[in-house]
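S.K.: So the chains spell out like this:
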Amino acid sequence: MHTKTLKELYEGIKNKEFSSLELTEHFIKRIKKLNNKINGFIHINEEYAIKKSKIFDKKKSYNGGIPFAHKDIICTTESKTTCSSKILKNFISPYNATIHKKLLQANFIPIGKTNMDEFAMGSSNEKSIFGPVYNPWNNKYVSGGSSGGSAACVAARLIPIATGTDTGGSIRQPAAFCGVTGIKPTYGLISRYGIIAFASSLDQAGPIGKTAEDCAILLEIIAGYDKNDSTSIKIKIPKYSNYINNSIEKTIIGIPNEFITNLDDNIKNNLYQALNIFKNLKTIIKYITLPNIKLSIPAYYIIAPAECSSNLSKYDGIRFGYKYENSLNIKDLYSKSRSEGFGEEVIRRIMIGTYVLSSSYYNEYYIKAQKIRAIIRNDYINAFKKVNVILGPTTPTNAFKINSKKISPTEMYKSDIYTCSVNLAGLPAISIPTGLINNLPVGLQIIGNFFKENEILNLAHQYQLNTIWHKISPPQFIN
Amino acid sequence: MSLKLKDIKKLAELSAIKINNNKKYKLKILFELNQILKIINEINQLNINKIEPLFHPIKKYQILKKDKSKKNKYKEKIKKLYKKNIKNNFYTVPKIINK
Chain A
28 MHTKTLKELY
38 EGIKNKEFSS
48 LELTEHFIKR
58 IKKLNNKING
68 FIHINEEYAI
78 KKSKIFDKKK
88 SYNGGIPFAH
98 KDIICTTESK
108 TTCSSKILKN
118 FISPYNATIH
128 KKLLQANFIP
138 IGKTNMDEFA
148 MGSSNEKSIF
158 GPVYNPWNNK
168 YVSGGSSGGS
178 AACVAARLIP
188 IATGTDTGGS
198 IRQPAAFCGV
208 TGIKPTYGLI
218 SRYGIIAFAS
228 SLDQAGPIGK
238 TAEDCAILLE
248 IIAGYDKNDS
258 TSIKIKIPKY
268 SNYINNSIEK
278 TIIGIPNEFI
288 TNLDDNIKNN
298 LYQALNIFKN
308 LKTIIKYITL
318 PNIKLSIPAY
328 YIIAPAECSS
338 NLSKYDGIRF
348 GYKYENSLNI
358 KDLYSKSRSE
368 GFGEEVIRRI
378 MIGTYVLSSS
388 YYNEYYIKAQ
398 KIRAIIRNDY
408 INAFKKVNVI
418 LGPTTPTNAF
428 KINSKKISPT
438 EMYKSDIYTC
448 SVNLAGLPAI
458 SIPTGLINNL
468 PVGLQIIGNF
478 FKENEILNLA
488 HQYQLNTIWH
498 KISPPQFIN
Chain B
598 MSLKLKDIKK
608 LAELSAIKIN
618 NNKKYKLKIL
628 FELNQILKII
638 NEINQLNINK
648 IEPLFHPIKK
658 YQILKKDKSK
668 KNKYKEKIKK
678 LYKKNIKNNF
688 YTVPKIINK
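Chains as they are written, first to last, in the numbering used here: chain A, 28 to 506; chain B, 598 to 696.
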């Protein structure tokens, strides 16, 4: 059952090949047996999941009943939401995130929460109080991050589908490193209500699944306007799972020259192989330019920490979360609760955010970064006048070894080079698996115009109909 | 622009973070923050004086809610969840004043 796609699972339940309870028990059994190899799940809600699947089976509606997992940044009332941080170690939300409510309404069965980089800050999933997530293809390598737990669990077939969040590449990069499919939708397509904020103008949730079709099915369920999120957008949600079957003939694919200059030879060859598949599908390939893309990393590492320093100011040891017990005064309580509750990467980003927002440097850094953001967005708008989608690598290399970037945190930041400009502009993008290099997966990124999730899912699905990479499981997790 | 060791204390204070007084640790933080500053200083490559900053990627769609107060529907749930912190219907916080 764990090798089936979401569509096949829907059909399996509908045709009474298996019940929701049987399916849920199958995945719980797999998690218990295999999770210690990857450390992907951090909370498992066995009792609740079994109860939900029994209720579903009694309903006899046969539409749903499929288990899923959330990244542990999404608030749910039935289990802890920790953001993989000591400061939220025992936090239970009094309300459900909108995307959780939507999945419950669609009869999905929540099995538990997945590991992540603390507060979604990281690209390797090594920065979690629950320990690192190990890449299911080779446990000496990182899973990518920050949604590394979700990507690794889907790759290891411990769960059919999971949610992630993406602030600078946190869905697409771990999806690429683990050999699965992950989509970051247009900013505002999915409600952020009940999702713990890192950088509010960049954060967006999305599905991580085995295939583009699985992601399309889940996206239809979780997308849509929500009055509880003032940045959520009122648009009609297309039936993505129907649209993906359209022909992609004459679609114009843009390849930015900046994405292939200085690109690792192996990744470049893999990209050209994928391009050949698209050429055979009669698309049109055009080379384009995104002249200011190199400035996306500096702009991102000003804007994201600035918003993070503001969003994380609520963790003060008073209202909720970890509290330092022997404080001398209120300032001592704040500062000691925060320094003991946050990990070193979070502290670094809070300090940088505080610095760039301080009155002496606000214009010098923060305002300038927002101007660069406007320039980058305009580069994309100009590119989309000439092409339908933009294609390139998701990451500059495939997964790196655990602890290999420990000495220099900024080395890690550079791995966001192809992903973070998409968040700055607010565009949708998907990463799909396109092969293996040294037995580790490689991802291809397809970027779409605003609210053109249907187009990028269409291209991804057509690629997957003509390739096998999305069907391959890591050897240790086949059975 | 780069930070000096004396700036770390001030920055930590503004961030409400207690930094270990150990000089070696402070130098480590200084090194890491200066590495980040080295990356972000690259924004000075362009002349961007006439560009309007973009604070939000999809600004034109924003829907404003009615400015009307609503009853907190989670009050009972919070009371139940954090029972040990609730006294006389109030959420209690640690005693700080006059300590």
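There's no promise every hint is true.
Now the stretches of chain A that chain B is said to cover, found in silico as 3 or more residues with beta-carbon under 8 Å [to be verified]: (1) 172-186; (2) 210-220; (3) 256-264; (4) 318-328; (5) 388-397; (6) 492-502.
Here are the computed lysine-lysine pairs in the DSSO-like style, where the Cα-Cα straight-line distance is at most 30 Å [unchecked claim]: (7) B:K672 x A:K78; (8) B:K647 x A:K350; (9) A:K321 x B:K692; (10) A:K107 x B:K621; (11) A:K113 x A:K81; (12) A:K129 x B:K692; (13) A:K432 x B:K676; (14) A:K128 x B:K674.
A few chain A residues that don't get close to chain B, going by computed Cβ distances all over 10 Å [as the list claims (entries may be wrong)]: (15) E52; (16) E73; (17) K81; (18) A133; (19) K306; (20) L308; (21) K313; (22) I345; (23) R346; (24) K350; (25) R365; (26) I379; (27) R400; (28) I402; (29) L451; (30) N465.
Since the hints were derived computationally from the structure, they do not count as laboratory data.
Just so it is clear, the structure is predicted and the values come from calculations on it, not from any experiment.
Ideal placement from N, C-alpha and C gives every residue a C-beta, glycine not left out.
S.K.: All hints, please: hold or fail.
M.R.: Results of checking the hints against the structure:
For the stretch 172-186 of chain A, the stated coverage by chain B is not satisfied: 0 residues place a CB nearer than 8 Å to a CB of that chain, which falls below the threshold of 3. Evaluation of the coverage hint for the stretch 210-220 of chain A: fulfilled, as 3 residues show C-beta separations to chain B shorter than 8 Å, against a requirement of three. Counting residues of the stretch 256-264 of chain A whose CB lies closer than 8 Å to any CB of chain B gives 5, which reaches the minimum of 3, so the coverage claim holds. For the stretch 318-328 of chain A, the stated coverage by chain B holds: 7 residues have a C-beta nearer than 8 Å to a C-beta of that chain, and at least 3 were required.
With a cut-off of 8 Å between beta carbons, the stretch 388-397 of chain A has 7 residues touching chain B; three or more are needed, and the interface restraint holds. With 0 residues having a beta carbon nearer than 8 Å to a beta carbon of chain B, the stretch 492-502 of chain A misses the requirement of three or more and the stated coverage is violated. Our distance criterion of 30 Å between C-alpha atoms is met by K672 (chain B) and K78 (chain A), whose separation comes to about 26 Å. Using a Cα cut-off of 30 Å, the hinted pair K647 (chain B) and K350 (chain A) is violated, with the two alpha carbons roughly 47 Å apart.
Between K321 (chain A) and K692 (chain B) the CA atoms are separated by roughly 50 Å; this puts the pair beyond 30 Å, and the hint is violated. Between K107 (chain A) and K621 (chain B), the direct Cα distance comes to roughly 37 Å. Violation of the 30 Å bound is thereby established for this hinted pair. Only pairs whose Cα atoms come within 30 Å are accepted, and K113 (chain A) paired with K81 (chain A) is rejected, the gap being roughly 34 Å. Straight-line distance between C-alpha atoms of K129 (chain A) and K692 (chain B) comes to about 41 Å, which puts the hinted pair past the 30 Å bound.
Between K432 (chain A) and K676 (chain B) the alpha-carbon distance is near 44 Å, which puts this suggested pair outside the 30 Å criterion. The straight-line distance between the Cα atoms of K128 (chain A) and K674 (chain B) is roughly 17 Å, inside the 30 Å bound, and the hint therefore holds. At roughly 29 Å from the closest C-beta of chain B, the C-beta of E52 (chain A) stays outside 10 Å, upholding its exclusion from the interface. The claim that E73 (chain A) lies off the interface holds: its Cβ sits roughly 21 Å from the closest Cβ of chain B, which is beyond the 10 Å cut-off.
The Cβ of K81 (chain A) sits about 25 Å from the closest Cβ of chain B, beyond the 10 Å cut-off, so the non-interface label holds. No beta-carbon of chain B is positioned within 10 Å of the beta-carbon of A133 (chain A); the least distance is around 23 Å. Remark: the non-interface label on K306 (chain A) is consistent with the geometry, its nearest Cβ contact in chain B lying 32 Å away (cut-off 10 Å). With 10 Å as the threshold on Cβ separation, the claim that L308 (chain A) sits away from chain B holds: the shortest Cβ distance comes to roughly 31 Å.
With a cut of 10 Å on Cβ distances, K313 (chain A) stays outside the contact zone with chain B, its closest approach being about 25 Å. Against the 10 Å criterion, I345 (chain A) falls within the reach of chain B, whose nearest CB is about 5 Å from its own CB. In this structure R346 (chain A) is not separated from chain B by more than 10 Å, as the shortest Cβ-Cβ distance comes to only about 8 Å. Listed as a non-interface residue, K350 (chain A) fails to keep its Cβ farther than 10 Å from every Cβ of chain B; the least gap is roughly 7 Å.
With a minimum CB-CB distance of about 5 Å to chain B, R365 (chain A) fails to clear the 10 Å threshold, and the non-interface call is violated. For I379 (chain A), the non-interface assignment is contradicted: its Cβ lies about 5 Å from the closest Cβ of chain B, within the 10 Å cut-off. For R400 (chain A), the requirement that its beta carbon stay farther than 10 Å from each beta carbon of chain B is not met, with the minimum near 5 Å. At roughly 6 Å, the least C-beta separation between I402 (chain A) and chain B is not larger than 10 Å, which violates its mark as non-interface.
Taking the minimum C-beta to C-beta distance to chain B, about 7 Å, the non-interface status of L451 (chain A) is violated against the 10 Å cut. Against chain B, the non-interface label of N465 (chain A) holds: every CB pair exceeds 10 Å, the least being about 28 Å.
Figure legend: structure checked against the earlier numbered hints; hints not met, in rising order: 1, 6, 8, 9, 10, 11, 12, 13, 22, 23, 24, 25, 26, 27, 28, 29.
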